[in-house]
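Chemist: So the protein sequences, as listed, match chains A and B. Just so we're aligned, residue 819 is where the first sequence starts under my numbering, counting upward by one. Just so we're aligned, residue 996 is where the second sequence starts under my numbering, counting upward by one.
Source of the hints: derived by calculation from the structure; they are not laboratory data. Keep in mind that a hint or two might mislead.
The calculated lysine to any residue pairs, modelled on SDA-like cross-linking and capped at a C-alpha distance of 20 Å, are [as the list claims (entries may be wrong)]: (1) 870(A) to 1055(B); (2) 919(A) to 1040(B); (3) 919(A) to 1054(B); (4) 1066(B) to 917(A); (5) 919(A) to 1079(B); (6) 1004(B) to 863(A); (7) 919(A) to 1024(B); (8) 919(A) to 1036(B); (9) 919(A) to 1095(B); (10) 919(A) to 1108(B); (11) 1052(B) to 917(A); (12) 1004(B) to 820(A); (13) 919(A) to 1093(B); (14) 1004(B) to 859(A); (15) 919(A) to 1063(B); (16) 870(A) to 1091(B); (17) 895(A) to 820(A); (18) 1004(B) to 860(A); (19) 874(A) to 1097(B); (20) 1052(B) to 820(A); (21) 886(A) to 1095(B); (22) 1004(B) to 1097(B); (23) 870(A) to 1095(B); (24) 919(A) to 1097(B); (25) 1004(B) to 1052(B); (26) 1052(B) to 863(A).
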Amino acid sequence: GNSVTQMEGPVTLSEEAFLTINCTYTATGYPSLFWYVQYPGEGLQLLLKATKADDKGSNKGFEATYRKETTSFHLEKGSVQVSDSAVYFCALSDREGSWGKLQFGAGTQVVVTP
Amino acid sequence: DGGITQSPKYLFRKEGQNVTLSCEQNLNHDAMYWYRQDPGQGLRLIYYSQIVNDFQKGDIAEGYSVSREKKESFPLTVTSAQKNPTAFYLCASSPTSSQYNEQFFGPGTRLTVL
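All chains, full assembly: derive it from the sequences and hints.
Modeler: Set out below in structure tokens:
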């Protein structure tokens, strides 16, 4: 079956540091890939997505490239802010019968200190 | 403003009681979903609905029930048969159930069984 593996947290960084969160996946088909972010006590928000190999998703300074050869979708940001402190989820959506089922990784907590 | 609302934000229940969580969306989305989130884990799918008057079990449907009588509403009932119901519950919707569509999430309901 499909699965998503993310690096464990928490990841603790100083403000303006470079952030990388690794995400690898296993899928039988040709999935779409997503990064969602969850701020404390809230629901998830879409951060970025990519729907085919070599696509790069980007938003709010975050980037991730769909790498089919390494089955990866690593999230990066060049200079983090305290406001980036949140839990980040990597997810894939693959066709299962008549619909696209979303499969989540376990999430990676990021803590940015001033 | 379009979006997804969930109520209540916090819910306390005694063992042996059924409880219903509300989810409403005004995005005109066909597909709706219920997820359960436990600490340190990703989201797990409870039920989903691709269209009004139709719904399907997800990965952890035991002890839960849903209905989809209206396009904008997808309530979840946590029954007394659910062995460990304390969790954070998230409702989501998407335009269709296509694998290319992102899912939009509500703010969540935190259920605690006393």
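Chemist: All the hints need checking, so say for each whether the structure fits it.
Modeler: Going through the hints against the structure:
no.: 1; hint: 870(A) to 1055(B); result: violated (29 Å)
no.: 2; hint: 919(A) to 1040(B); result: holds (9 Å)
no.: 3; hint: 919(A) to 1054(B); result: holds (11 Å)
no.: 4; hint: 1066(B) to 917(A); result: holds (18 Å)
no.: 5; hint: 919(A) to 1079(B); result: violated (24 Å)
no.: 6; hint: 1004(B) to 863(A); result: holds (17 Å)
no.: 7; hint: 919(A) to 1024(B); result: holds (16 Å)
no.: 8; hint: 919(A) to 1036(B); result: holds (18 Å)
no.: 9; hint: 919(A) to 1095(B); result: holds (10 Å)
no.: 10; hint: 919(A) to 1108(B); result: violated (29 Å)
no.: 11; hint: 1052(B) to 917(A); result: holds (13 Å)
no.: 12; hint: 1004(B) to 820(A); result: violated (32 Å)
no.: 13; hint: 919(A) to 1093(B); result: holds (8 Å)
no.: 14; hint: 1004(B) to 859(A); result: holds (10 Å)
no.: 15; hint: 919(A) to 1063(B); result: holds (19 Å)
no.: 16; hint: 870(A) to 1091(B); result: holds (19 Å)
no.: 17; hint: 895(A) to 820(A); result: violated (27 Å)
no.: 18; hint: 1004(B) to 860(A); result: holds (10 Å)
no.: 19; hint: 874(A) to 1097(B); result: holds (16 Å)
no.: 20; hint: 1052(B) to 820(A); result: holds (18 Å)
no.: 21; hint: 886(A) to 1095(B); result: holds (17 Å)
no.: 22; hint: 1004(B) to 1097(B); result: violated (23 Å)
no.: 23; hint: 870(A) to 1095(B); result: holds (10 Å)
no.: 24; hint: 919(A) to 1097(B); result: holds (11 Å)
no.: 25; hint: 1004(B) to 1052(B); result: violated (24 Å)
no.: 26; hint: 1052(B) to 863(A); result: violated (24 Å)
This entry does not satisfy hints 1, 5, 10, 12, 17, 22, 25, 26, going by the numbered hints stated previously.
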